[in-house]
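Peer 1: In case you want the letters, here they are:
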Amino acid sequence: MKFLSYDTKEKKEFLTEIRATDVSAIKAYIQTWVPDYLMRVLRDTDFYYQLFEWDRILKLSYVVGFPWRCYGAYTNYRLDGLLCLGVEGENLKIEYIATAPWNYTHEDAGKMRRIGSGLICFTIKSSIDTKRQGRLLLNALPDAEGFYDRIGMRPTGNMNDSGLKEYEMQTDGASSFLKKFEKYLVV
Amino acid sequence: MAGSKFFKKFFDGSFPEGPIEAGQTLGLSPGVVVEKYLKNRNEILSLLRIYFKMSLADMASKLGISEKELKEIETSHELVPFQMVPTLADIFDVDLRLLLVLLGHAKEREENGLKREFADLPIAAQYSGPELSEQEKVDLENLIKMILEKIKKKKGNEGEMGV
Chain A
191 MKFLSYDTKE
201 KKEFLTEIRA
211 TDVSAIKAYI
221 QTWVPDYLMR
231 VLRDTDFYYQ
241 LFEWDRILKL
251 SYVVGFPWRC
261 YGAYTNYRLD
271 GLLCLGVEGE
281 NLKIEYIATA
291 PWNYTHEDAG
301 KMRRIGSGLI
311 CFTIKSSIDT
321 KRQGRLLLNA
331 LPDAEGFYDR
341 IGMRPTGNMN
351 DSGLKEYEMQ
361 TDGASSFLKK
371 FEKYLVV
Chain B
176 MAGSKFFKKF
186 FDGSFPEGPI
196 EAGQTLGLSP
206 GVVVEKYLKN
216 RNEILSLLRI
226 YFKMSLADMA
236 SKLGISEKEL
246 KEIETSHELV
256 PFQMVPTLAD
266 IFDVDLRLLL
276 VLLGHAKERE
286 ENGLKREFAD
296 LPIAAQYSGP
306 ELSEQEKVDL
316 ENLIKMILEK
326 IKKKKGNEGE
336 MGV
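Residue numbers (this note's numbering), protein chains in the order written: chain A, 191 to 377; chain B, 176 to 338.
Isolated chain A, as found in the complex (with noise of 0.2 Å):
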């Protein structure tokens, strides 16, 4: 899938594609995301971005394969976001999502727009090519918990082991969503 997302340090559009990750987003990941994210951190006592374990999800997704699939957004070949799927009943399951740090919104500072919203347009695209109608599930980081509210996801009631609200995405609240992205795609 290829969508226009927006550099708001260069102020201009660019194509960024999301496909499914090989091997090379490990290294990415480790090599970039890893430094950037330990400079931002020592650099701002309030960037309370999430690092995940990703070399070890993307490991797990090569060796376990189905359901576990990782995607990576990727801008002239930078690693903007990454997204491992999952399926959990008859839902779509979004186990890990997260935009790079560099795009981390924070006072409005990140890089890139538009990453992460493309990573979910992806999963509610995928939920609907798999016959889920556009279901989805993951649980929110609490500093995340307001984004999914916005796009019309809502709390299930459950919890994880690690005190994470679930959130789910039904069928309409998936129609509005794509028809709201719609514009920013590219066949």
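What the hints contain is simulated information worked out from the structure, not anything from laboratory work.
Take the hints with a grain of salt, since some may be wrong.
What the hints assert, rightly or not - Okay, the calculated beta carbon distance ranges per label pair:
no.: 1; chain 1: A; residue 1: V254; chain 2: B; residue 2: K214; range: 45 to 55 Å
no.: 2; chain 1: A; residue 1: D236; chain 2: B; residue 2: S241; range: 30 to 40 Å
no.: 3; chain 1: A; residue 1: E278; chain 2: B; residue 2: E324; range: 47 to 57 Å
no.: 4; chain 1: A; residue 1: K370; chain 2: B; residue 2: S241; range: 54 to 64 Å
no.: 5; chain 1: A; residue 1: T361; chain 2: B; residue 2: M321; range: 52 to 62 Å
no.: 6; chain 1: A; residue 1: S352; chain 2: B; residue 2: I319; range: 52 to 62 Å
no.: 7; chain 1: B; residue 1: E242; chain 2: A; residue 2: T198; range: 32 to 42 Å
no.: 8; chain 1: B; residue 1: E242; chain 2: A; residue 2: T346; range: 50 to 60 Å
Predicted model, so just to flag it, every value in this text is computed and none were measured.
Here a beta-carbon is modelled for each residue, glycine too, at the ideal position from N, C-alpha and C.
Dock chain B against the given chain A, drawing on the hints supplied.
Peer 2: Below, chain B without anything else, positioned relative to chain A:
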């Protein structure tokens, strides 16, 4: 506050933006990230130098040591001399407490929700390195005083700015 900005944006009609992280667990703490991904803790120094586009010579000069000494420190598995840490924090304008944690001079407190918290000072109580010499103990006292003064000064500035 960031949340209110996002709320306003949503109702302005633009597409929602904001933190999107979701997963089965919280992320790694900064201390764990260093332990897991860096060859040694002191690699932080090289990262800072490269990130701030500073040459080895420039940084060595600011620290008052030779390039060779700096190179040795960067690649060593020994702790960076703690007297050097506040200077490093000043040079790069980074968080001193976190720098102490990442360089192994202080311990990270257990994660409390999303908020990063660090073990309370005095650092000496958290120090897990080799036994300190008398001179180093004096330096540690000075270091703690410096940190407390910095925090006090920062709080004072924030108060003046009405933060």
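Peer 1: Need the list of violated hint numbers for this structure, in ascending order.
Peer 2: 1, 6
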